[in-house]
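> Assembly of the complex is requested from the two constituent chains, each provided in isolation within its own frame, with the hints serving as guidance.
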Amino acid sequence: MSAELMIYNVLCLAVPFSVALLLAALGENFNQRAGVFNLGCDGIMCMGAFLGFMVPFTLKASPWAAYGNLLGIGAALAVGAAMGVVFALVTVTFRASQGIAGIGLQMLGWGLAGTLFRHFVGGVTGVEGMAAIAIPGLSKIPFLGGVLFNHNALTYTALLLVPACWFLLYKTPWGLKVRAVGTHPRAADTMGIHVDRIRYQALMLGGAMAGLAGAYLSLCQAKMFSDDLVAGRGFIAVALVYFGRWSPLGILGGALLFSIAQSFQLSMQVWGIKFPYEFAVMLPYVLVIVVLALARKARQLGPTDLGKPYNREMRF
Amino acid sequence: MNRNKILYSGAIILAVTLIAALLVALVLYSIGASPLATYKTILTGPLSDLFGVTEVLVRSVPLMLVALGIAISFRSGILNIGAEGQIQMGVIASTAMALAMPHAPKAILLPAALMAGALAGALWGGIAGWLKAKLQVNEILSTVMLNYIAAQVYTFMLRGPMLDPNELETGSGTPQSMRLPEMAFLDTLVPGTRIHMGLILALVAALLVWMLLWKTTLGYRMRTAGAGAKAARYAGIPVERYLIVAMLMAGGFAGLAGAVEVSGVHHRAIEGISSGYGFAGIVVALFGALHPGGIVPSAVFFGILLIGADMTQRSASVPANMVLVLQGVIILSIVSAQSFLRNPYAQERFFRWFARFSASARKAGKGAQS
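These protein sequence lines are chains A and B, in that order. Counting from 1, one number per residue, gives the positions in the first sequence under our numbering. Counting from 1001, one number per residue, gives the positions in the second sequence under our numbering.
None of these hints come from the bench; they were simulated from the model. The structure presented is a predicted model; accordingly, all values stated were derived computationally and were not measured. Not one of these hints is a red herring.
With a Cα cut of at most 25 angstroms, we get these calculated BS3-like pairs of lysine-lysine: (1) A/K60 <-> A/K223; (2) B/K1134 <-> A/K308; (3) B/K1230 <-> A/K308; (4) A/K308 <-> A/K297; (5) B/K1134 <-> B/K1230; (6) A/K297 <-> B/K1134; (7) B/K1230 <-> A/K297; (8) B/K1230 <-> B/K1215; (9) A/K177 <-> A/K308.
To give an idea of the chain A side of the interface with chain B (calculated C-beta under 8 angstroms), a few residues: (10) V90; (11) F94; (12) R95; (13) A96; (14) L112; (15) G114; (16) H119; (17) F279; (18) A293; (19) R296; (20) E313.
Where is the CB? At the ideal position from N, CA and C, for every residue including glycine.
Isolated chain B, as found in the complex (with noise of 0.2 angstroms):
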C-alpha cells in the first residue's frame, strides 16, 4: 500500500467517524442532553476502575464470537442478521444439555453444553443458508424472520417446558430457567469479577478463523465465493456448498457465543440474555473490517459503549436504545464510506485536490516567511 492510499484511507474514515459523531450529537442535543458530557460518559466511564474495565471485557466476549461468525458469513457472500435468533437457540440447547446432566464430571459437561449451544445455532443459521442455496430465499429477510421466530420460541420455552419449577411454587413466576450445575460454569479469571474464560475461548476463536479464512483451501473458496460468485463457479467452487457452510459456522459461533453468555455470565436461561448482541454483531464485525485482527479490538470498543450508555442512561437520563441510533448511524457511514475507499475515481479526484491544497498552502507559507 502506498502512502498515498493511506492517507487517502485514513482521511475517509476520520471524516465518517467525524460525520457519524455528529449526527448522534445532534440527536443527543435535541433530547436536552449534552453531547460532549455524554460522549466523555460513554467512553471514559467503563474505564474508571478494574470492574469496569472487566466488565467491558464481559460484554466484548459474545460481541466478538458473534462478529467473527457474521465476518465468516459476510465475507462468503451471504448476509447474517440472525445472530439474536441463533444465540437464543444456542442458550436454550445448552441450558438443556447442561440441565439433562447433572452430576456429569466438568470435563465432560462444560463441552458438552457449548457444543450444544454451537450445534444449535448453527442448525437455526443453517435454515437460512439452506434456504439461500437450494431455493434463492433472501438470507436477509429469512434470517429476520427466523429472529422473530426464534424470539417466540425462546418465550415459549422459558414460560412452559424449561420453567423452574422453584418459579411456579415460591418465586414470582419470572420466566427463567433453573441454575445450571457448578460443573457447567466457565470459570471466573479475576476473582470478585465476572470476567470468564469466554474471553481466551473468543481469542482463541479468533485466531482459529483468521487461519481459517486465510489459510486454508476452505477459507479460500469461501472467500472467492464471496467476492465473485460467477468467477467462483467457473473455477469449479460450487458455490451453494460453501454458502451453506458458511451460514452453519456463523450460526455457530452465535450460539456459542449464547452458550458462553450462559455458563460465564447468567448460570441459567434468561429473558432478554442477548440484549441485542446480534445486531450489535454486525456493526462490530463491519468496524472491525470483517478481519478477526480488526474485530478484536472493536469487540472491546463496542464493549465500552454498551456498559456506557447504560451508565448514560443512569447519570444523564440518556435512554439505552441510543446504542441502536448510535450502531445504525456507523453502519450507514461505514457502507458509504467503503464506496469512497474502494472507488479509483473518488481517489484519484481526493489526490488532485490534495496536492493544490498543498501546493497553495506551501506557497502560502513561503509568502509568510519572505
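The shape of chain A in the complex, shown without the other chains (with noise of 0.2 angstroms):
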C-alpha cells in the first residue's frame, strides 16, 4: 500500500469521526462562553443518539417511515434543548455548583437512555441510518473528493455550522452578550442584559447541539444504539473547547486531530500492526490528558467567569 494511499484512508475516516465531537465541542463552546461548564453533554448526547435511533426504528413500518430521520434528529435536538433548560435550571437559576451538576446530568442521560431502550428495543438493532451523499461534480476531485465531499448530510451540516457559529459568536449582538455575560457578568448586568435569560439560551444551544451529536452517532457513524456508544466523547467535546481556545475554528482543528488519531489507531489495526487493542482505545483519552496539560496556558484566552454562578443579591 502507498504511503498516499493510507494517508487517504486515514483520512477519509476521520473526517465521519469528527462529527460528533465537532458538534457536541461547537454547542459547548456557547456555553463555556457564557459562562457555564457543561459537563452534562456527554449525557445530553446519550438522549440524543438514544432518540436520534428511537423516533426512525419505530416509524419503520409506518407511513411516516421516509421521514423517520428527520424526525429522529429532531427529536435529538429538541430533547438536548430541554435537557439544556434542566441543567440551566440547576447551574443558573439555582447557581448550584457546575462540575457536580454536569455529572448529575450526565449519570441522567446515560441512565435514562438505557433504562428506555432496554425498555422499549432490548437487544441489539440496527437502523438504516442517513446515507451519504456525493455532492456531484467536487466529490470528483481527486483526493479531496473522497474525503470531504462523499459524506451524509450531517456531515456537511456540521462543516457548515463552523463559520455559521463563528458568526453567530463574534459578529451578531447575541453572540456579544453571550461573550459579555461570561466574561464579565455584573458589566453585562449593569448594561441591561439579562444574564440569566443569556445562559439560559446558551445552554438551549449548546444542549441542541450536543443531542444532535448524540443523533449523528447512532444514526450515520453506528447506525444502532448502545449503551456505550457515546463512550466519552461529551467530555472529550468539553476538553476540545479548551484545546480549541473557545474559538469555532480552533475547535475544529482540535476535533480533527483527535478523529485522525482515532482513524489511524483503527487503520493499524486494519493493516495488521500488533499493538494490544486496548491500547489503541485508549489513545484518545490519554490525548485528552496531554493536550489540556499542553494547553493550560489557552485559559488565559478563555471566558474569565467560567464555572461561576452569577448572583445579582450579592455584595461583593
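Put into C-alpha cells, the structure is as follows:
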C-alpha cells in the first residue's frame, strides 16, 4: 500500500469521526462562552443518540418512515434543548456547583437512555441510518473529493456550522451578549443584558447541538444504539473547547486532530500492526489529558467567569 | 443552629426528596411500571430477611470507603470523579500482590494485599491531583479520562497477563484472574452470608477520616484550602500540595475499596467488579453531606437502593440502569438544594412567607372555633 493511499484512508475515516465531537464541542463553546461549564454534554449526547435511533426505529413500518431520520434528528435537538434547560435551571437559577451538577446530568442522561432502550427495544437492532450523498462535481476532485465531499447530510451541516457559529458568536448582538455574560456578568447586567436569560439561551443551544451530535452517532456512524455508544465523547468535546481556545475554528482543528488519531488507530489494526487492542482504544483519552496539560496557557484566553454562578443579589 | 434554620433545612430537604422521587416516578410510569410498587420493592425488598440485610451491608462497604475518599477530596476543593478507575487499579494491584505470595502467612499477606490496592488507587488518583496542582488541568476531565484509561488497562490485564491459566486450558475463556490464596481472604462475620471484616474496616476508616478532617492540623488545612483557596494561600497554606494529598487519599480509599471487594467478596479479579461503585460513591458522599457521620448511613441506604434495583429488574422488569437515573436526579436535586440552604435571602423570604402562612392559619383556626 502506498503512503498516499494510507493517508487517504486515514483521512476518509477521520472526517466522519470528527462530526460528533465537532457538533458537541461547538455547542459546548456557547455554554462556556456564556460562563457555564456543561459536563452533562455526555449525558445529553446519550439521550440524543437514543432518540435519534428510536424515532426512525419506531416509524419503520408506518407511512412516516420516509421522514423517520428527520424526525429523529428533530427529537434529538428537542431533547438536547430540554436537558439544557434542566441544566440551566440547576446551575443558573439555583446557582449550583457546575462540575457536580454536570456529572449528575451525565448520569441522568446515560441512565435514562439505557433504561428506555432496554424497555422499548431490548437487544441490538440496526437502523437504516442516513446515506452518504456525494456532491456532484466536487466529489470527483481527486483526493479531496473522497475525503470531504462524499458524506451524509449531517456531516456537511457540521462543517458548515463552523463558520455559522463563528458568525453568531462574533458578528451578531446575541453573540456579543453571550461573550459579555461569560466574561463580566456584572458589567453586562449593568448594561441591561439579562444574564440569566442569555445563559439559558446559550445552554439550550449547546444542549440542542449536543443532542444532534448524539443523533449523528446513532444514525450515521454506528447505525444502532447501545449504552456505551457515546463512550465519553461528551467529555472529550468539553476538553476540545479548551484545546480550541474557545474559537470555532480552533475546535474544528482539535476535532480533526482527535479523529485523525482515532482513525489512525483503527487503520493500524486493519494494516495488521501488532499492538494490544486495549492500548489503541485508550489513545484518545490519553491524548485529552496531554492536550489539557499542554493547553494550560490557553486558559487566559477563555471566558473569565467560566464556572462561576452569577448572583445579582450578592454584594462583593 | 436556631429553630428557624433547622425548620428551613428540613423543609428544603423534604421538598427535594419529594421532587426527586416524583421525577423518577414519572420515568417509571412512562416505562409502564407502577412507581409505588417499584419503590416498595426497592426499599423493603432487600430488608425482608437476614440474607438481604447482610447483602445490603456487603454493598455498603465499598460505597462507604469510596465516599469517604470523595468527601476528603470535595472538602479539599478537588472534585474526584475518578473513583471508578481507582477502584479497578486497586483490584489489579491487590490481586497481583496476593497471587505473588501464595504461601505467605495471613498476617502479612492480607495487609499487604489491601495496602497494595490502596497504594495503586492513590497513585492513579494522584496523577489527577498532580496534573491539577502543577499544570492546572481540570480535575473532572482528567479523572473521567483516567476512568476510561483504567477500564482499558483492567480489561487488558484480565485478558492478558493476569488471565487464569485454567480458563485458557479447560474453562470458557472468561476474563478473570486466578483465585486468591485463602490467606488473603477477609474473614466472614456471619457464617453462611457474604458479610465480611471489610465492614469493620470501613467503619474504622470513617472514624479516622472524621478525626483527620476535624481534629488534625492537616485536615484543617485541607478544608481551608477547599473552602477558599485564595484565603488559604494568604494564610500560608500551600494549597497545591494539599490538592495532591487530597487526591492521593481519595484514590487510596477507592483503591482500598477495590482491594476489599476482591479479598472480601469475589476472591478474584473479575470483569465488572466495580459495577458503578465509583459513581454511586459520589452520590453517597453528597447525600451524606460530605461528613463521615452522614456517609455511613447514606452508604447503607444506597446499598438498599442497589440491591432493591436488582430485585425490581427481576420482579418488575425495571432495567437496573434505573439506578443511574435515580443517582443523577439525586445529585441534581442535592446541588440545587444547597443553593437554597446557603442563601440567606432565600431563607428570609421563606420565613416571611411561613410567618404569614402560620398567622393566617391561626386566624382561620380561631374563626372555626368561635
